[in-house]
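Asks: Sequence:
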Amino acid sequence: GIPSVSAPESSYRLGVRPAACHDIYPPQITGALRDAVTTRFERTMPGFLCSEALLHGVETRTSSPVRVPRRPGGMEAEGARGL
Numbered sequence: 009g010i011p012s013v014s015a016p017e018s019s020y021r022l023g024v025r026p027a028a029c030h031d032i033y034p035p036q037i038t039g040a041l042r043d044a045v046t047t048r049f050e051r052t053m054p055g056f057l058c059s060e061a062l063l064h065g066v067e068t069r070t071s072s073p074v075r076v077p078r079r080p081g082g083m084e085a086e087g088a089r090g091l
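If you use my numbering, the sequence shown corresponds to residues 9 to 91, in order.
Among the clues, some could well be false.
As the list claims (entries may be wrong) - With beta-carbon atoms standing in for the labels, derived distance ranges:
(1) Ala27 with Gly82: 22 to 32 Å
(2) Ile10 with Glu50: 29 to 39 Å
(3) Met53 with Gly82: 35 to 45 Å
(4) Phe49 with Pro11: 18 to 28 Å
(5) Met83 with Thr52: 26 to 36 Å
(6) Ala61 with Gly39: 37 to 47 Å
(7) Ala27 with Ala88: 10 to 20 Å
None of these hints come from the bench; they were simulated from the model. Bear in mind that the values here come from a model prediction, so they are computed numbers and not experimental data. Even glycine gets a Cβ: it sits at the ideal position worked out from N, Cα and C.
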């Protein structure tokens, strides 16, 4: 799609700013997010996928529900070069 230059209002107290996922994440992550939102989430929760939707990417080390295995002796993620 076309990257946004502004973001709609949000209840997130620190505010939001638009960013293209493909500029932040490697292709494997971007593809997985696209599939999850457009296929799986829309099928489970129809009507939430629209031009006004916000995908909040708040992340901290302690709140992450995802475990990222790291290569021994380094901090790079296994199977995701540069992450």
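Asks: Hints broken by the structure, by number, lowest first?
Replies: Hints 2, 6 not satisfied by this model.
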